[in-house]
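Top to bottom, those sequences are chains A and B. For the first sequence, our numbering gives the first residue as 71, with consecutive numbering after it. For the second sequence, our numbering gives the first residue as 8, with consecutive numbering after it.
Be aware that a few hints might be false.
[To be verified] Computed footprint of chain A on chain B; a stretch qualifies when at least three of its residues, placed anywhere within it, have a C-beta under 8 Å from a C-beta of chain A:
#1 90-104
#2 126-134
#3 152-166
#4 233-243
[Said to hold, decoys possible] Just a sample of chain B residues kept apart from chain A, beta carbon distances all over 10 Å, derived:
#5 S34
#6 L40
#7 A44
#8 V172
#9 L173
#10 D174
#11 M193
#12 L213
#13 G219
#14 E331
#15 G374
#16 W387
#17 S395
Bear in mind the hints are in silico, worked out from the structure with no lab data behind them. Glycine included, C-beta positions come from ideal geometry on N, C-alpha and C.
The residues making up each chain are set out below.
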Amino acid sequence: MTSRRRAPSANGAKIPASKQTLIDNPPKQSSSEEPNITISPSKWSKIIFLSSLLLLPYAYLLLIHLQIDGELKRSILINAAMSFIGFLLTLKLIPVASRYVIRRNLFGYDINKKGTSQGNIKVPESLGIVVGIVFLLVAILFQHFNFTADSIWLVEYNAALASICFMILLGFVDDVLDVPWRVKLVLPSFAALPLLMAYAGHTTIVIPKPLIPYVGLEVLDLGWIYKLYMGLLAVFCTNSINIHAGINGLEVGQTVVVASGILIHNVMQIGASTDNPEYQQAHAFSIYLVQPLFATSLALLSYNWYPSSVFVGDTYTYFAGMTMAVVGILGHYSETLLIFFAPQVVNFLLSLPQLAGIIPCPRHRLPKFDPKTGLLTGTKDGTLVNYSLRIFGSMSEQSLCIVLLFLQAIACGFCFLLRWLLAGWYK
Amino acid sequence: MSVFRRNKSRRTKQGKNKSISVPKQNSTWPKILGVSAVILLPYAYLLMKIDGEFKRSILMNGAFSFVGFCITLSMIPVASRYLIRRNLFGFDLNKKGTPQGNIKVPESLGIVVGIVFLIVVIVFLGVSMLLPHLNFIANSTRLVQYNSALTSIGFMILLGFVDDVLDVPWRVKLVLPLVAALPLLMAYNGHTAIVIPKPLIPYVGLEMLDLGWMYKLYMCLLAVFCTNAINIHAGINGLEVGQTVVIAFAILIHNIMRIGASTDNAEYQQAHLFSIHLVQPLFATSLALLSYNWYPSSVFVGDTYTYFAGMTIAVVGILGHYSEILLLFFAPQVVNFIVSLPQLAGIIPCPRHRLPRFDPNTRLLMGTHDGTLVNCCLRWLGSMSEPSLCIVLLSLQCMTCPSPQAIACSFSFLVWWLLVGWYK
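The following block holds chain B by itself, in its conformation from the complex:
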């Protein structure tokens, strides 16, 4: 869990009073914006084919999300000053030995993303309730879902920030997402039955199996898994936010395609629309954070961000009724978790940091024997620089999306790779 991310924590090198002034935050937002515009092309195309009412709602949400992007972009440097002043910073261990390794990098910028996200969603809900022709929230069941989603996500942001500030023990960290997911469970009024895959029907004897409370348990565990999985697949500049952006994009494509494909099932469409209403702001605010967090990171995201992102994704997966597909999008995180199990369980000794080793002379990262996807990639593909590693890992993330998305994702990513340049 995040104890293994403490490589970038404030407790690495304190005490020596280096009189370093607050570094200027450089954002790469023009690049990010340009690249995301390209990535969003398939999404925009699919969106245009959707029915009028839904399209208007999605576009309005898109506009709010863009405003959220701009606000986050301008707030991050402001928040960074406050964070550094309160000693919430760390030093970048993957640059140790170079001059960049001595810069104080502000931590926990996820709080900015979280607060802007909540405000965007709240204001969007308020406005769509005021405008009758866009009123999708008329149904009180829907409103319960929105509010319980807000409570769960808000609670998770709170717990994430408390963890960043107070550094709670990891056992507590495992349990917290469970607690934050409870409002969700109360609001989930869908079926708790699963469809048995056709080949297994003769063995099970049923076509549909009602899991009841076990399904609710599964939802809880999903929330715990999503939040912590992003947290341990981390440590490289831009990895946490990058993976969230890729997954969010895959989710958006999936939602849009489902809306287009189920014009006969209004309930189903509504569920996916709900998901879009939450994932677009997530995507937009995360992009703003990525502008600062991409290599070389000017800010660190903190557990606040990884918990917030994980919970939001779990929420939309659960309330949108597509949690199984979501797990598919999370394939690299699942692999990373499985690979990490021996160390997390204590069977193999687990060092404080499980990061790759950085060589200041060649500026390349080398894989250690720790059980993380990051290290495994480095061992298979050879040493490479940090941004290249991040791009490789994100491409891996893209490829795990099912077919049409994979092509869309991979194509977009190829474009991104070419535009961003091949760092050495």
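In isolation and in its complexed conformation, chain A is listed as follows:
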């Protein structure tokens, strides 16, 4: 899992540089304050292009292809409109927040640009706090506009908000105070508790048809083991995004890709289960939380894409991981979610030897940057980032990010393929 000491932190381990600065020299405050702290303008045109690519299948399915009940469709569209407002709000607030964040010395230096002039720019950290707060705002306000709510839904929704809110709090406290990694492992479990209590679903799993003769049952009730699995899923999601990081735009990018996969999955399931309103509600619930996540993350990506003007901090990775775990659990599709998370799972498995201490683990497990060529070269550390570089050869940071995001999209596509192939065979 993640730790400041061993794995690269969510922003390419730029925090240590600034933290050293802080510990040795307490900041001089009002006397030598920079008059104008501005960050580069957002690369929103690129982002709009990316998002149209991701959203096109979703929009097509939602509006044209599938026959979705009018009420439900209206709620989804209202949520989409609110998410869009959230996108604009986040876009506007990030430069404002960056000034405050830099003023309080929450910044880092981009290690993947060390040796070039860009390696000396102070990049504000923890902009995930803006995304988190805007997300909570949109999610809280949406409750008021969802006319099809019943009390079970309200319980789950509020539990989801409580869990996500607690996680954002813990993420921000970690960014500011730099808590030890053991604490970081345990706290998400507490944040997931409201979720576990609100989970009103079955704790049974359906045995795949081929295995029924061996197990002897069609459906197996796991009871508390299932709840334990849900808790572990929450811990896993939050930390796995955190360690699959370090390249400009990777953390937000992977979230955006997985989120669009989730949206497509949700809308397809809604279309496919017109006879099961409860099932539809579960997936609609997921959409209501993932649309704002997608929109606000896009706004952050506009600033975080290569070259990064802002860093996202643990606040963002924890928030994103928890939100996705929440929707996966309450939407009853956590197995699908895990397949979407395949690159993260691979990255975790590759990292295990170093995280467990079997192989020595350096402070940063980033690739090596050559300032003359501007290319990244893979080291022997066990991360998907390094492995990709070793397999595909050295490349620039932006290309690497695109390759990794493409891998993520392939994982999502593979999941859909798998579900389609196994539809009759598996369940």
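Since the structure of chain A is already known, use the hints to place chain B on it.
For chain B alone, coordinates are given in the frame of chain A:
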């Protein structure tokens, strides 16, 4: 608002590299524990008279709260090291000129209280759902209320901590509690009607007046008021946490008495039980913080704490349906707010700090002409030392509780005063 509390902020004296090692946090917890045991006697007595099921639930919550007290007590020194390392500290302006005025005091320890509070409440909810005979949360409406309370309070702690770290402008600070109170409004399913006091019925023409959306607006404003009112009635060691502890205690007594008195109205009892489930952890964790924050303060609480406390109290007042009584408990804060209005509105010039003046030779505080309850008290009662001032203000807080509580409170406070000693 809190800009007037910046007396203790990190930006007072930075830059000069005083090589001061992290000070050891001294806690006065044996004193605090002893005093609170005495204070809690009337509460315990009333509790014993309650019906079995409720009593078990309250006692279990009490046990969890005590664990929360112990955890907070042990976590505060740990967190202080991290906070100082990240330059979240201030210097105590009320000790300027004495050697104590040069100690770096860690700020924002409210974050420890907030996180432990959330964990205690979450775990308590989880455990009570698991144990069927204590299962009061069966009703899904109740669960919605608990979860929305957690969201509101959690959001407020987040905003408070963001404010402590990033120092957001005061206009934003006014609006934030409004946003954090929204989950509450969604979950509030009670009546929005008020009962007209009997003497006014002939004039109004109705016995009950349904305010509808205006009641919801009132709830929002209550949240904004509670959070900010505690924030501006501050500046003296131990005042913020102390006032919260006194109000929490008054709330507990009120809840217990209402539970005992309305055995025929289960809904009403449930509302007050809900309130107890949130206020006991608040009381316990705040006591732990008070052990460090009492004069002389080893830690400062930060806006994180005042926002968290204010919001929790507003939440229980709203969802427990006793917000009018709550305002009565908040009388000193209301007075302080009214007295502060001219300066806050800008009619009278408002200095950066509205603290009393400290004289390092006599070690006494003197009231200035600023419009705060703290200064007004000093002007009426004469100069006094900081702990005495705090005790006076807290006694004032006690006396505003309605009759039986007032006697209980004041008696307890007298005992506290005697035990703590009269500082000069």
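To see whether the hints hold, each was checked on the structure:
1. 90-104: holds (count 5)
2. 126-134: holds (count 5)
3. 152-166: Satisfied; 9 residues make the cut.
4. 233-243: violated (count 0)
5. S34: holds (20 Å)
6. L40: The claim stands: L40 of chain B keeps its Cβ more than 10 Å from every Cβ of chain A (closest is about 26 Å).
7. A44: holds (29 Å)
8. V172: Given a closest Cβ separation of 5 Å, the condition is violated.
9. L173: Nearest chain A Cβ is 4 Å from L173 of chain B, so the label is violated.
10. D174: Nearest chain A Cβ is 7 Å from D174 of chain B, so the label is violated.
11. M193: violated (5 Å)
12. L213: The claim holds: L213 of chain B sits with its nearest Cβ about 29 Å from chain A, beyond 10 Å.
13. G219: Check passes; 15 Å lies beyond 10 Å.
14. E331: Correct as stated: the minimum Cβ-Cβ distance to chain A is 26 Å, above 10 Å.
15. G374: Nearest chain A Cβ is 29 Å from G374 of chain B, so the label holds.
16. W387: Non-interface label on W387 of chain B holds, nearest chain A Cβ at 37 Å vs cutoff 10 Å.
17. S395: Fine: 34 Å to the nearest Cβ keeps S395 of chain B off the interface.
Comparing the model with each earlier hint shows violations of hints 4, 8, 9, 10, 11; every other hint is respected.
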